[in-house]
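Chemist: Below are the chains, spelled out letter by letter.
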Amino acid sequence: MFGTGLLKGLGVTLKHFAETYIDDRKPAPSRYADSIQLEHGRRIIDQPITQEGLLTIQYPEEKRLLPERFRYIPMLLWDTEKGEDRCTACGICAKVCPPQCIWIVRDSDENGKPVTRPAEFFIDVAVCMSCSFCVEFCPFDAIKMNHDYELAVYDRYPQLVYDKEELTVPLEYYAAMWPEQFAAEQEVLRKAEEEERAKAEAKAKAAEAKAKAGDATKADKPKRTPEEIEAMKQKAAARSAAAKEKAAGDENDGEKAGDKSGDDADKKARLEELKRKAAERAQQRKQGEG
Amino acid sequence: MTMSEATAAAEGGSAVGVQVAAENPPVDGAAEDAVIGKWAEDTQEASVIAPDKLTAYLTYLRDRQGYDLLSSVTCVDYSAYGGKLRDGVGERFELVYHLYSTQKGGGPAVLHVRVPENETVASATGVYPGANLQECEVYDLYGIKFEGHPNLRRVLLWDGFNGYPMRKDWKEAYHEADAKPFRSRHPQGDYQWHEDKVPWGKNATYPAGWDPDSWRPPITYVPVSQAPADAHSDEFETESIVVNLGPHHPSTHGVFRMLTRIKGETILALEPEMGYLHRNHEKIGERNTWLMNMPFTDRLDYINSMSNNLGYALAVEKLAGIEVPERAQYIRVIMAELTRIVNHTWSIGFILNDLGALQTPALYAIEEREMILDLFEEVSGARLMCNYMRFGGVVRDLTAGWEERVRYLAHERLPRALDELDRLLSDNEIVKARGRGVGHLSAKDLLSLSVSGPMIRAAGVPYDIRKAEPYCIYDRFDFDIPTLPESDIYARYYIRLLEARESVKILQQALRDIPQGEVLGGKGGYTLRPPEGEAYQRVEAPKGELGFYLVSDAKPNPYRYHVRSPSFINLNALGPMCVGYKVADAVVILGAIDIVLGEVDR
Numbered sequence: 615m616f617g618t619g620l621l622k623g624l625g626v627t628l629k630h631f632a633e634t635y636i637d638d639r640k641p642a643p644s645r646y647a648d649s650i651q652l653e654h655g656r657r658i659i660d661q662p663i664t665q666e667g668l669l670t671i672q673y674p675e676e677k678r679l680l681p682e683r684f685r686y687i688p689m690l691l692w693d694t695e696k697g698e699d700r701c702t703a704c705g706i707c708a709k710v711c712p713p714q715c716i717w718i719v720r721d722s723d724e725n726g727k728p729v730t731r732p733a734e735f736f737i738d739v740a741v742c743m744s745c746s747f748c749v750e751f752c753p754f755d756a757i758k759m760n761h762d763y764e765l766a767v768y769d770r771y772p773q774l775v776y777d778k779e780e781l782t783v784p785l786e787y788y789a790a791m792w793p794e795q796f797a798a799e800q801e802v803l804r805k806a807e808e809e810e811r812a813k814a815e816a817k818a819k820a821a822e823a824k825a826k827a828g829d830a831t832k833a834d835k836p837k838r839t840p841e842e843i844e845a846m847k848q849k850a851a852a853r854s855a856a857a858k859e860k861a862a863g864d865e866n867d868g869e870k871a872g873d874k875s876g877d878d879a880d881k882k883a884r885l886e887e888l889k890r891k892a893a894e895r896a897q898q899r900k901q902g903e904g
Numbered sequence: 021m022t023m024s025e026a027t028a029a030a031e032g033g034s035a036v037g038v039q040v041a042a043e044n045p046p047v048d049g050a051a052e053d054a055v056i057g058k059w060a061e062d063t064q065e066a067s068v069i070a071p072d073k074l075t076a077y078l079t080y081l082r083d084r085q086g087y088d089l090l091s092s093v094t095c096v097d098y099s100a101y102g103g104k105l106r107d108g109v110g111e112r113f114e115l116v117y118h119l120y121s122t123q124k125g126g127g128p129a130v131l132h133v134r135v136p137e138n139e140t141v142a143s144a145t146g147v148y149p150g151a152n153l154q155e156c157e158v159y160d161l162y163g164i165k166f167e168g169h170p171n172l173r174r175v176l177l178w179d180g181f182n183g184y185p186m187r188k189d190w191k192e193a194y195h196e197a198d199a200k201p202f203r204s205r206h207p208q209g210d211y212q213w214h215e216d217k218v219p220w221g222k223n224a225t226y227p228a229g230w231d232p233d234s235w236r237p238p239i240t241y242v243p244v245s246q247a248p249a250d251a252h253s254d255e256f257e258t259e260s261i262v263v264n265l266g267p268h269h270p271s272t273h274g275v276f277r278m279l280t281r282i283k284g285e286t287i288l289a290l291e292p293e294m295g296y297l298h299r300n301h302e303k304i305g306e307r308n309t310w311l312m313n314m315p316f317t318d319r320l321d322y323i324n325s326m327s328n329n330l331g332y333a334l335a336v337e338k339l340a341g342i343e344v345p346e347r348a349q350y351i352r353v354i355m356a357e358l359t360r361i362v363n364h365t366w367s368i369g370f371i372l373n374d375l376g377a378l379q380t381p382a383l384y385a386i387e388e389r390e391m392i393l394d395l396f397e398e399v400s401g402a403r404l405m406c407n408y409m410r411f412g413g414v415v416r417d418l419t420a421g422w423e424e425r426v427r428y429l430a431h432e433r434l435p436r437a438l439d440e441l442d443r444l445l446s447d448n449e450i451v452k453a454r455g456r457g458v459g460h461l462s463a464k465d466l467l468s469l470s471v472s473g474p475m476i477r478a479a480g481v482p483y484d485i486r487k488a489e490p491y492c493i494y495d496r497f498d499f500d501i502p503t504l505p506e507s508d509i510y511a512r513y514y515i516r517l518l519e520a521r522e523s524v525k526i527l528q529q530a531l532r533d534i535p536q537g538e539v540l541g542g543k544g545g546y547t548l549r550p551p552e553g554e555a556y557q558r559v560e561a562p563k564g565e566l567g568f569y570l571v572s573d574a575k576p577n578p579y580r581y582h583v584r585s586p587s588f589i590n591l592n593a594l595g596p597m598c599v600g601y602k603v604a605d606a607v608v609i610l611g612a613i614d615i616v617l618g619e620v621d622r
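Protein chains in written order, with this note's numbering: chain A, 615 to 904; chain B, 21 to 622.
Calculated directly from the structure, the hints in this document are not laboratory data.
Note that the coordinates shown come from a computational prediction; the quantities given were computed from them, not determined experimentally.
Note that beta-carbon positions come from the ideal geometry of N, C-alpha and C, so glycine has one too.
Where hints are given, some of them may not hold.
[Stated by the list, open to error] Here's a subset of chain A near chain B, in silico, CB distances under 7 Å, partners left out:
#1 F616
#2 L668
#3 L679
#4 R683
#5 F684
#6 R685
#7 A708
#8 K709
#9 V710
#10 Q714
#11 W717
#12 C745
#13 A892
[What the hints assert, rightly or not] Below, a list of computed lysine-lysine pairs in the DSS-like style, where the Cα atoms sit at most 30 Å apart:
#14 A/K622 <-> B/K452
#15 B/K58 <-> B/K124
#16 B/K338 <-> B/K452
#17 B/K338 <-> A/K622
#18 A/K629 <-> B/K452
#19 B/K575 <-> B/K303
#20 B/K165 <-> B/K58
#21 B/K191 <-> A/K891
#22 B/K283 <-> A/K629
#23 B/K283 <-> B/K464
#24 A/K622 <-> B/K525
#25 A/K677 <-> A/K778
#26 B/K104 <-> A/K889
#27 A/K819 <-> A/K696
#28 B/K338 <-> B/K58
#29 B/K191 <-> A/K889
#30 B/K575 <-> B/K104
#31 A/K824 <-> A/K813
#32 B/K303 <-> B/K188
#33 B/K452 <-> B/K464
#34 B/K191 <-> B/K303
#35 A/K881 <-> A/K778
#36 B/K165 <-> B/K525
#37 B/K602 <-> B/K464
Let the hints inform the model, and build the full structure from the sequences given.
Modeler: Shown next as structure tokens:
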């Protein structure tokens, strides 16, 4: 009969309406069952897979509980125990980054020798595609994905070009955000350390045994003559002098991270300086080519 | 044909050869003649075809060998090729055709045609009308002209675009280097801000001495004016007019334009206009390393990124010979089928939206999608841009309790939801009145237009790559290929519901059999260098046949990266399907093709 299909369909919508209405009239609707109540009526909702009826979440008052693996924008870890960046400025993240939005300036010590520490670490988060490759391929567990997704700002530049201060978070922050993965990593670290200790102990024992066994052979080991030692010393001195000279030449190149204020003006100035240098280098490259 | 005759024919000039081939139905002997060599036999066998015998050979394959589906037409510019496979070959371009047989199933016939620069090739549109948009694309991106193409034009870029961007010597605006990673980022630590790249700077190039006033498009086409004159005269003498549907029109599912010539409400001709979202995905893909392309494939058909990931991962695995562990195989199938359900419920909802049932069916249909996307997020970290597959498996194992939740979904929730959707819509008199008999095109026409996926299954062709050329572990599951004979809007709606049910069946079996173990075999790392050669891998994506054509010259970056996207090629059929129907029907006909503009424009 004409119209039965329509009525059947309307029956479905009516059923939905009734179910949702009844559930919503309850003092505690079922969709709030596992939610976390925050102040000012805000809440974080964790919907189970069995949730029926209304699935709508009233963002921004209500938010979803994010799963641990949620990935948005990378963050850099500050090892609070050791008091240092985990990042060693090896640049693997910059290399695997598909949109190439990471760029790193390696730090150098007072002699101008590069050290395994980043002086600057930038991520253009407007370009970042949240693929998490940097996290996957970082050999030092130094870069992880942040869950913070409310990043709206008025200007892209410089607000959305995150510098090292903006990216760095303490290890505890990460541990709270990614508990399972953090535990797994700690486990791996602990095992590695144990192994290392065991190895060191075994080595020490072996050395001891060797020392005991081979007191006689030790005497046979050929010693360097005083002349040889003097020559080596001279060589080392010459090398360090050359390094110092080179450092003096490069001094204006060694960009140092200034204050930690995070003030936009400062940051902008710093970015401008980097930009100027990048432009200079690009110019040089161009001249070299042409 | 004897040897001497063959040489005589080859020397006899190409023009004569083409004419003879076009006029006379080819004999079987013509086939051996046309094949003049082999290429890349290690990875995938391909025959090199003499350019002047191409149409004859295609006709032979279609009529005598049963290759009724021209799947992919693309081109490779070998001018910068670093491998050894092409030593001694002078021609710069190589056209690549992949043909399949929907009756026999199985692997493709791969044809290569070598084309020197500035030469034209015979168009395949005379044999396979489905080559239409793909040849336009090759012309657009490589500048190869096809003789005999009815409407050769730039489809993705605008007419005045300077140069052909997929050529290896074409450099994009702000070109930095030919391959990532860029040394400027590391170790140099430089970066060019996008704000500094002012649009009026140098991101557009013009030929020397270009004068905008005197310039005319290189190929003039006026498609909609070629519409056939209205034969039957009405009582009203109405003039036909050209109307643009889109690019900003809610029915176009994105930024897409339908150029129509209408008389009254009736469509006389319709031409799809696309490219508004074009970003030259393939050029980006050739700059990227092999791994870097993975998150970019998410952005093709953003409704089901898992399928795209799977297609690309399989293609690279085929090329590099990477094994996938058992558990990862199951996880891949589960993800691919979940994403098929997501896509089909989404597309059902939006067919109804296009029919005028605004939002209610759509919201009912995408309710389960929320649950599935939450599950995707839990394992991969993102709802849409999953980036979950890797070469040799998947990136991370499932979380604790995930399988249990999907089991609940597959056994309880999804069957119930699909039944409910069925009750809500299938018997609806308005859906039937609007859907039955609208947008009809015969199965033969659809196949000749290279259409694939639910579209041809709704026309009664039981062709599904999961059965015809099984990939992953689909040959282990018991499922059917539903078909409907009608080939109209209603059938295209209903086939998706049936397919979603089959997906649920596969899900249930996969969840029953999934073993424990490794999820990522090999290293799958970012330093991958597949051996020299080519590979074409297609998967049954929810929208149709999604193919990845890759060429490697054993470098860290793909030499050629081509996406055969179902949304783009299914649009071949849009014009023929709409002619004769009303404007309001065209909206639904487009909706029932189920396109995603991220994949159409690439």
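Chemist: Give a verdict on every hint.
Modeler: Hint by hint, here is what the structure shows:
no., hint, verdict
1, F616, "holds (6 Å)"
2, L668, "violated (10 Å)"
3, L679, "violated (10 Å)"
4, R683, "holds (4 Å)"
5, F684, "holds (6 Å)"
6, R685, "holds (4 Å)"
7, A708, "holds (4 Å)"
8, K709, "holds (4 Å)"
9, V710, "holds (5 Å)"
10, Q714, "holds (5 Å)"
11, W717, "holds (4 Å)"
12, C745, "holds (4 Å)"
13, A892, "holds (4 Å)"
14, A/K622 <-> B/K452, "holds (14 Å)"
15, B/K58 <-> B/K124, "holds (23 Å)"
16, B/K338 <-> B/K452, "violated (44 Å)"
17, B/K338 <-> A/K622, "violated (49 Å)"
18, A/K629 <-> B/K452, "holds (23 Å)"
19, B/K575 <-> B/K303, "holds (16 Å)"
20, B/K165 <-> B/K58, "holds (24 Å)"
21, B/K191 <-> A/K891, "holds (25 Å)"
22, B/K283 <-> A/K629, "violated (44 Å)"
23, B/K283 <-> B/K464, "holds (28 Å)"
24, A/K622 <-> B/K525, "holds (26 Å)"
25, A/K677 <-> A/K778, "holds (29 Å)"
26, B/K104 <-> A/K889, "violated (42 Å)"
27, A/K819 <-> A/K696, "holds (29 Å)"
28, B/K338 <-> B/K58, "holds (19 Å)"
29, B/K191 <-> A/K889, "holds (24 Å)"
30, B/K575 <-> B/K104, "holds (12 Å)"
31, A/K824 <-> A/K813, "holds (16 Å)"
32, B/K303 <-> B/K188, "holds (9 Å)"
33, B/K452 <-> B/K464, "holds (24 Å)"
34, B/K191 <-> B/K303, "holds (10 Å)"
35, A/K881 <-> A/K778, "holds (11 Å)"
36, B/K165 <-> B/K525, "violated (47 Å)"
37, B/K602 <-> B/K464, "holds (24 Å)"
Comparing the model with each earlier hint shows violations of hints 2, 3, 16, 17, 22, 26, 36; every other hint is respected.
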